[in-house]
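Chemist: Fit chain B to the known structure of chain A by using the hints.
As given, the protein sequences belong to chains A and B, one line each in that order.
Under our numbering, residues 1 to 262 are what the first sequence spells out, in order.
Under our numbering, residues 1 to 262 are what the second sequence spells out, in order.
Quick caveat, the hints were computed from the structure, so don't treat them as lab data.
Each hint should be verified, as a subset may be incorrect.
Note that identical chains are pooled: a pair holds if it fits in a single copy or bridges any two copies.
In silico DSS-like pairs for lysine-lysine, Cα to Cα no more than 25 Å straight-line [to be verified]:
1) K98 - K59
2) K24 - K58
3) K18 - K154
4) K35 - K220
5) K217 - K154
6) K35 - K58
7) K217 - K35
8) K35 - K232
9) K229 - K182
10) K59 - K206
11) K229 - K207
12) K183 - K19
13) K19 - K98
14) K61 - K18
15) K81 - K11
16) K19 - K232
Number of protein chains: 2
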Amino acid sequence: MISSLSNGQIKYINLLLKKPRARKEENAFVVEGIKMFEESRTHGNLIKAYFSEEFYSKKEKEEPEFFNDLSYEIIQDSIFKRISDTISPQGVLAIVEKPSYDLSNVLANPKASLLLLENIQDPGNLGTMVRTAEGAGFTGIILSSDCVDILNPKVIRSTMGAIYRMPFVYVDVFEATLREVKKNDISIYAAHLDGASYYDEVEYAKKRGILIGNESKGLKETTAKIADKMIKIPMQGRVESLNAAVAAAIIMYEVARQDRFS
Amino acid sequence: MISSLSNGQIKYINLLLKKPRARKEENAFVVEGIKMFEESRTHGNLIKAYFSEEFYSKKEKEEPEFFNDLSYEIIQDSIFKRISDTISPQGVLAIVEKPSYDLSNVLANPKASLLLLENIQDPGNLGTMVRTAEGAGFTGIILSSDCVDILNPKVIRSTMGAIYRMPFVYVDVFEATLREVKKNDISIYAAHLDGASYYDEVEYAKKRGILIGNESKGLKETTAKIADKMIKIPMQGRVESLNAAVAAAIIMYEVARQDRFS
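This is chain A alone, in the form it adopts within the complex (with noise of 0.2 Å):
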């Protein structure tokens, strides 16, 4: 059992908790949860898991064979309570794999529905959008590299599991790699407050990606004169903007719309 917030392990794992390097170079990220470890064992990314002592007392008494063929240690509790990140610990932690994938293959789909994310900042909001995406039927997200990290713990936790399923790539040059979607004849539409068509007004391409920019300063000027069309959701009262991931969810939904109605 593991009694010592200096113990390599625990180490390790505050390592990939805080450091996005970290999470980069040792190709891991961390997981909270009894869901997101259950969703992990059963994906085959599971890499180590770690459990309170007193998830592990009560579960080995219910359900001993809940811990057969895997890799686990047992964490004091109060050791487990520092380390977590979250209020109330489920007394679950698990360090997982990092998925990878191809922008071609993302690109490749004959059913793409992108979200293209330019800074995105809030950890929340990433998580939310990734969420959503899955709901609404999207196929992938492309990052640009100054998006906040997505396996950051606080976005982990908002994608409610979808973060294992949701394609997603972060790139280099975001302007360029917009072009290249555009050559695969995936029709770009930023949301942007100076939009010409409302969202709802405009009939989606059947492959399409949504371009959603920066939380407070939202698309670059550079990037959003890429886009085929720029969308805007319309606001009464004195509303200047939406929450970046409500917006994104309106316009998702919208295209999800489209295509159960066509």
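Modeler: For chain B alone, coordinates are given in the frame of chain A:
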């Protein structure tokens, strides 16, 4: 200039930032940032403003008339940072009078479009819903008494100013209030995973309320039963539910879309 954390006004601000009961008893809440301050000033509900030394000395040089007819105090920078609820404070904080709305007025609106919220717990979700509700042209929000406090600083921040403009009422007996809503010829649509119709197959009544439940537990069964219709948002992949603020946004914007196209 205020230079100590034990100053009475600092203690009062802290109380209003942290204690829902204090906000209720004092009929006041705290906003941060220049924009929220300006809006409150225009609105006429500003009680007192507080500026960091840095903000004050800069503004005093650039625009001394800014401080005319204003009740304010200056706070030492280090103390300001300690009381601010934000990571990068702008040096502006204000105590604002709590708005007060009458349930009967909210219900009597001939164009009533209401958001009906049961046990919403996440401040960011609630704030985002207030912001989106204004954008979608909704006319008021009714909240069960176990929802998070709408005057919580995190909620206020997420509303991006909509808190000043969106009427809201907390009610003690939510179910009884929903029955009153219906008596006012307002049809209630409950977002529910077991909904009989998709949210975009329903023709919303001229006066309507959208009922949204708790983030993890959804609506109580007894509450959902009061609704005229249960509606669901179609979900692909293995997503079990959407974020509550996202679900509310998708439905509110479908209502707004039908209004525009009818």
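Chemist: With identical chains treated as interchangeable, where does the CA-CA distance between K61 and K18 reach 25 Å or less: within a copy, between copies, both, or neither?
Modeler: Result: close neither inside a copy nor across copies, 34 Å intra and 42 Å inter.
Chemist: At most 25 Å between CA atoms: does that hold for K35 and K58 within a copy, between copies, both, or neither?
Modeler: Classified as within; 17 Å inside a copy, 52 Å across copies.
Chemist: Measure nothing new, just compare the shortest in-copy and cross-copy C-alpha distances for K229 and K207 to 25 Å and report within, between, both or neither.
Modeler: Within. Shortest intra-copy distance 14 Å satisfies the 25 Å Cα cut-off; inter-copy 34 Å does not.
Chemist: At most 25 Å between alpha carbons: which applies to K98 and K59, within, between, both or neither?
Modeler: neither (27 Å within a copy, 49 Å between copies)
Chemist: Please sort K19 with K98 into within, between, both or neither, judging by C-alpha distance up to 25 Å.
Modeler: For K19 and K98, the Cα distance is within 25 Å only inside one copy (14 Å; across copies 41 Å).
Chemist: Can you give me the call for K24 and K58, within, between, both or neither, at a CA distance of at most 25 Å?
Modeler: neither (35 Å within a copy, 43 Å between copies)
Chemist: Evaluate K35 and K232 at a C-alpha cut-off of 25 Å and name the case that applies: within, between, both or neither.
Modeler: between (37 Å within a copy, 23 Å between copies)
Chemist: Checking K18 and K154: alpha-carbon separation at most 25 Å within a copy, between copies, both or neither?
Modeler: both (11 Å within a copy, 23 Å between copies)
Chemist: Between the shortest in-copy and the shortest cross-copy C-alpha distance, which are at most 25 Å for K35 and K220: within, between, both, or neither?
Modeler: between (38 Å within a copy, 23 Å between copies)
Chemist: For K183 and K19, with the copy left unspecified, which applies at a CA distance of at most 25 Å: within, between, both, or neither?
Modeler: Classified as neither; 35 Å inside a copy, 55 Å across copies.
Chemist: Indicate which option fits the pair K217, K35 if close means a Cα-Cα distance not exceeding 25 Å: within, between, both or neither.
Modeler: Between copies only: 16 Å across, 35 Å inside.
Chemist: Checking K81 and K11: alpha-carbon separation at most 25 Å within a copy, between copies, both or neither?
Modeler: within (14 Å within a copy, 31 Å between copies)
In summary, the structure is inconsistent with hints 1, 2, 10, 12, 14 and 16 from the numbered list given earlier, while agreeing with the others.
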